[in-house]
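Residue numbers (the working numbering), protein chains in the order written: chain A, 1 to 116; chain B, 1 to 112.
There could be a bad hint or two in this list.
[Unchecked claim] Beta-carbon label-pair distances, calculated as ranges:
| no. | chain 1 | residue 1 | chain 2 | residue 2 | range |
| --- | --- | --- | --- | --- | --- |
| 1 | A | Thr80 | B | Pro112 | 39 to 47 Å |
| 2 | A | His85 | B | Ala17 | 26 to 34 Å |
| 3 | A | Leu114 | B | Glu45 | 19 to 27 Å |
Calculated directly from the structure, the hints in this document are not laboratory data. C-beta atoms are modelled at their ideal positions from N, C-alpha and C, and glycine is treated no differently.
Chain by chain, the residues run as shown.
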Amino acid sequence: GAVVSQHPSWVICKSGTSVKIECRSLDFQATTMFWYRQFPKQSLMLMATSNEGSKATYEQGVEKDKFLINHASLTLSTLTVTSAHPEDSSFYICSAREVARRETQYFGPGTRLLVL
Amino acid sequence: QKEVEQDPGPLSVPEGAIVSLNCTYSNSAFQYFMWYRQYSRKGPELLMYTYSSGNKEDGRFTAQVDKSSKYISLFIRDSQPSDSATYLCACAMNTGFQKLVFGTGTRLLVSP
Numbered sequence: 001g002a003v004v005s006q007h008p009s010w011v012i013c014k015s016g017t018s019v020k021i022e023c024r025s026l027d028f029q030a031t032t033m034f035w036y037r038q039f040p041k042q043s044l045m046l047m048a049t050s051n052e053g054s055k056a057t058y059e060q061g062v063e064k065d066k067f068l069i070n071h072a073s074l075t076l077s078t079l080t081v082t083s084a085h086p087e088d089s090s091f092y093i094c095s096a097r098e099v100a101r102r103e104t105q106y107f108g109p110g111t112r113l114l115v116l
Numbered sequence: 001q002k003e004v005e006q007d008p009g010p011l012s013v014p015e016g017a018i019v020s021l022n023c024t025y026s027n028s029a030f031q032y033f034m035w036y037r038q039y040s041r042k043g044p045e046l047l048m049y050t051y052s053s054g055n056k057e058d059g060r061f062t063a064q065v066d067k068s069s070k071y072i073s074l075f076i077r078d079s080q081p082s083d084s085a086t087y088l089c090a091c092a093m094n095t096g097f098q099k100l101v102f103g104t105g106t107r108l109l110v111s112p
């Protein structure tokens with residue numbers, strides 16, 4: 001149980017284009033989903049917290065107009081990187097938290113983004 | 001100073017060895033402590049979590065928290081080559097778990 005999927009697993013795009021990443025909880029309902037970014041040899045850094053039906057909360061230094069988050073249902077959250085640039089190239093990982101188990105986050109497999 | 005410090009390694013051990021992985025943290029408000037395992041190019045997988053100080057054992061894994069020294073440890077007994085991965089510690093406060101603060105991860109290599 002507690003499986004989280006992400007799609008796509010990797011994406012290469014040209015600078016200036018937008019990329020959408022999906023995060024789904026497959027066998028549980030997640031009122032809260034989290035989006036992280038991980039650069040090589042660095043720790044996971046929380047970008048934003050996404051609550052179903054409300055606006056996302058962004059961490060300091062993360063541009064909300066550049067990283068659009070939508071949490072339209074209890075099983076789906078999307079992250080759109082708008083006008084991507086090479087410095088946005090990273091490993092993006094989502095996690096989801098079960099309603100009944102607030103202390104545990106289940107992570108997706110990640111999406112590797114390369115912006116040329 | 002980072003809130004959670006972790007030696008990046010790599011830590012190389014022979015199969016069967018006891019492995020000790022450690023983190024220190026600076027925020028005394030942290031109450032929950034977690035260990036995740038991350039294989040290359042995959043998302044983290046929760047191994048164990050501990051509330052406040054004390055020990056917790058699960059099979060070959062033991063998590064230990066010493067809040068007085070702000071030190072957390074993960075011990076792996078009888079290590080296997082399949083344990084080779086990056087181990088991340090994470091801390092959270094007692095207020096809704098809105099934010100996990102991760103260490104950089106320690107890369108572990110267990111050789112057959």
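Okay, the hints, checked on the actual structure:
1. For the hinted restraint 39 to 47 Å between Thr80 of chain A and Pro112 of chain B, the CB-CB distance of approximately 44 Å keeps it satisfied.
2. With their beta carbons about 44 Å apart, His85 of chain A and Ala17 of chain B fall outside the hinted range of 26 to 34 Å.
3. Leu114 of chain A and Glu45 of chain B have their C-beta atoms about 24 Å apart, which keeps the hinted 19 to 27 Å range intact.
Checked against the numbered hints listed earlier, the structure breaks hint 2 alone; every other hint is satisfied.
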